[in-house]
Amino acid sequence: MNKSLLEQLPEIVRNGKRRAGQILESLEGKTRIGLQTRELVTPARDSNWKEFAAVRAAGKPRATVAGEMPLVNDLAGQGELTGKGSQSWLNRLVYGDNLLAMAALLAGDEQTPSLRGKIDLFYIDPPFDSKADYRTKITLPGGDVEQKPTVIEQFAYSDTWADGTASYLDMIVPRLCLMRELLSEHGSLYVHLDWHVAHYVKLALDDIFGKDLFVNEIIWKRTSARSGSSRWGNIHDTLFLYAKSNNVLWNVVYQDYEQEYLDSKYRYSDARGVYRLDNLFAPGVTSGDSSKPWRSYDPAKIGRHWAVPMEALKSVLGDKDPGEMTSAQKLDLLCEHGFIQLPRKTDGSGFPQFKRYLAKGTPIQDVITDLSPINSQAKERLGYDTQKPETLLERIIKASSNESSLVADIFGGSGTTAAVAEKLGRRWITSDLGKPACMIMRKRLIDQDARPFLFQAIGDYQVEAARSTLGRKFRVGDLAQIVLGLYGALPLPAEDNPGRNLGKVAEGRTLVFVDSPQKLTGLATLKRAQELRGSLLGGWDKVVVLGWNFTADIGHAITGLNDAKLEVLVIPPDLLDRLKKKGDKLKPEEVRFSTLQYLTVKPIERKTLASGEAVTVELDNYVLLSPDALNLEAKDKERLQAVVNRDPLALIEYWSVDPDYDGEIFRSVWQDYRGNTENDRDPLHVARKAELSGLPVKAGKRLVCVRAVDVFGFEAEVVKEV
1 MNKSLLEQLP
11 EIVRNGKRRA
21 GQILESLEGK
31 TRIGLQTREL
41 VTPARDSNWK
51 EFAAVRAAGK
61 PRATVAGEMP
71 LVNDLAGQGE
81 LTGKGSQSWL
91 NRLVYGDNLL
101 AMAALLAGDE
111 QTPSLRGKID
121 LFYIDPPFDS
131 KADYRTKITL
141 PGGDVEQKPT
151 VIEQFAYSDT
161 WADGTASYLD
171 MIVPRLCLMR
181 ELLSEHGSLY
191 VHLDWHVAHY
201 VKLALDDIFG
211 KDLFVNEIIW
221 KRTSARSGSS
231 RWGNIHDTLF
241 LYAKSNNVLW
251 NVVYQDYEQE
261 YLDSKYRYSD
271 ARGVYRLDNL
281 FAPGVTSGDS
291 SKPWRSYDPA
301 KIGRHWAVPM
311 EALKSVLGDK
321 DPGEMTSAQK
331 LDLLCEHGFI
341 QLPRKTDGSG
351 FPQFKRYLAK
361 GTPIQDVITD
371 LSPINSQAKE
381 RLGYDTQKPE
391 TLLERIIKAS
401 SNESSLVADI
411 FGGSGTTAAV
421 AEKLGRRWIT
431 SDLGKPACMI
441 MRKRLIDQDA
451 RPFLFQAIGD
461 YQVEAARSTL
471 GRKFRVGDLA
481 QIVLGLYGAL
491 PLPAEDNPGR
501 NLGKVAEGRT
511 LVFVDSPQKL
521 TGLATLKRAQ
531 ELRGSLLGGW
541 DKVVVLGWNF
551 TADIGHAITG
561 LNDAKLEVLV
571 IPPDLLDRLK
581 KKGDKLKPEE
591 VRFSTLQYLT
601 VKPIERKTLA
611 SGEAVTVELD
621 NYVLLSPDAL
631 NLEAKDKERL
641 QAVVNRDPLA
651 LIEYWSVDPD
661 YDGEIFRSVW
671 QDYRGNTEND
681 RDPLHVARKA
691 ELSGLPVKAG
701 KRLVCVRAVD
711 VFGFEAEVVK
721 EV
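Last residue of the sequence shown: 722 in the working numbering, with the numbers rising by one and none dropped.
Derived by calculation from the structure, the hints in this document are not laboratory data. Some clues are possibly wrong.
Unchecked claim - Taking lysine-lysine pairs in the DSBU-like style, the calculated list, with each CA pair at most 30 Å apart, reads:
hint, residue 1, residue 2
1, Lys580, Lys17
2, Lys202, Lys3
3, Lys137, Lys720
4, Lys581, Lys527
5, Lys582, Lys137
6, Lys720, Lys527
All chains should be built: construct the whole structure from the sequences, respecting the hints.
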């Protein structure tokens with residue numbers, strides 16, 4: 001008989017804690033996980049560049065104008081990009097598995113110290129709908145196409161829900177454990193859930209944080225009433241708030257009064273402000289002076305005693321201590337300062353009333369009914385299904401962090417946490433496993449003119465996906481052998497093939513090199529393949545490199561080698577998913593290994609002006625991976641092919657320019673993206689030309705790097721010496 005979920009929960013929590021413990025133990029090892037900086041983004045989208053250049057021409061770094069950190073080009077080297085201390089801190093958008101992202105943040109590296117105990121606030125909104133469709137709709141000229149999740153995302157989502165709620169809890173528990181390690185001693189964690197899994201996650205949180213550190217269960221009414229259901233309408237989400245310690249950071253946040261309440265209660269006003277009339281007494285007669293008459297008014301006659309509003313009294317007295325003041329003296333003082341309204345009749349039949357002035361609002365409560373979801377016409381709406389309103393995150397961030405605080409969201413989604421933290425002057429880290437989510441976040445932050453931030457990446461799910469497909473005893477060589485077979489190559493003898501990743505095509509002298517799924521295929525791999533072609537078994541006529549993941553400059557590396565006897569192909573991104581479904585029945589003729597995507601630009605113009613140098617970059621062409629290599633339905637592949645043939649630059653989602661590339665850190669100081677319509681009013685195309693002026697004058701040659709990301713999340717790069 002299968003165990004119930006309640007019976008499985010203790011084991012799930014133990015296993016999750018054990019997995020988190022193993023990650024913490026591995027942080028001291030030589031192979032600890034790190035973050036790779038893909039891009040240092042200084043938001044200056046196409047429509048902002050004139051203002052950006054004008055500030056630079058005036059001799060001021062743009063960010064300095066707002067009293068912020070110096071412009072990226074004024075930073076001296078990698079150490080300052082990720083250096084110690086808040087002054088040199090750069091916010092981070094991380095693409096990849098958040099468990100690995102947190103491991104990297106805990107480990108730290110030569111440039112960045114460990115963030116263990118440094119984060120004041122975690123807010124997470126993890127996916128909690130097992131039936132969710134994680135496809136991404138992409139709008140292109142000529143119609144929409146739907147992209148299925150990448151192999152990385154597929155594995156993550158299918159693994160999360162493989163056994164329903166039990167798998168979900170198995171995913172979330174080790175992440176909750178690592179978040180606790182990253183929280184500061186006065187830090188807080190908000191976990192945003194709905195009715196599917198909230199009660200089970202609450203039990204896990206009690207175990208990880210301790211029941212005594214459970215602060216609040218917050219109810220957010222996320223939608224209006226629904227009709228036609230056979231049950232009570234599901235109109236709320238639940239947020240659990242836990243503290244790292246009893247010394248939790250907390251700021252009182254006030255929410256606005258409802259207008260109906262204001263209209264009915266606060267009907268009066270004077271020079272001090274809007275007020276309502278309230279009682280000056282409380283029920284019951286006491287033996288003290290609070291039951292004695294004041295002026296001609298005797299509260300004891302109606303069974304009451306005076307209740308002096310202390311907040312108003314303190315506002316009158318300031319730092320003075322009321323000491324031995326009687327109730328009558330206190331009331332005299334309040335009356336003298338206009339806080340008491342006396343009755344019109346002087347015969348003692350009426351009673352004085354306290355003028356209660358409208359305060360900041362009501363301190364936030366644990367039932368939120370005044371924050372609506374994002375409507376279809378809202379300016380902040382990004383078309384992201386799980387997007388939460390900025391007002392909700394603003395309330396949370398204000399309550400549980402200060403301006404110097406570091407705020408994190410490891411299920412970044414549409415980027416609301418980072419966007420609001422940026423507006424409120426907090427430091428932030430956000431991450432997501434989905435390429436579309438990371439693209440939305442990057443564009444959103446650029447659009448709001450954020451401070452410079454890092455776009456980073458970590459290892460992906462390929463190896464874990466292979467283990468899921470081939471068994472837990474999987475070795476990288478096992479996967480390489482399968483890839484060789486599907487390419488149509490025979491493995492080389494074991495004595496010449498210790499990594500089991502080399503093969504040969506049956507006809508001719510072609511060597512096949514399968515790169516590891518744990519690596520980004522780049523220049524070093526290509527040079528190694530060239531060496532093997534020349535030395536292994538007497539030499540070969542040609543070498544083919546099959547890669548899973550590639551460095552952004554792979555196109556530049558291939559061009560630089562200029563080797564007609566070297567071919568680089570992409571292993572289909574959905575190969576592991578297809579292996580999982582078909583296994584040994586998957587045939588070589590069903591698998592297509594595609595050429596890499598690449599970008600070309602027209603000759604770059606460079607001029608010297610009175611205000612500095614100017615560089616003009618114009619896109620020429622973009623060649624996408626073959627539509628057959630993308631995870632699309634047949635009808636969508638046809639639609640995409642039509643766009644490829646007619647207007648290939650329409651596939652560019654985002655592109656950026658580093659006009660002074662150092663060959664290591666890509667500093668993006670100009671960006672444009674689809675949806676930025678301030679210049680061309682075309683939401684489906686990027687600007688084709690970047691005109692950068694006001695650049696510092698540079699002696700000698702200038703290295704210009706251009707990076708583009710297509711609508712499917714694939715990156716391409718071109719580097720030109722001007």
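*So which hints don't hold here, by number, going up?*
The structure breaks hints 3, 4; every other hint is satisfied.
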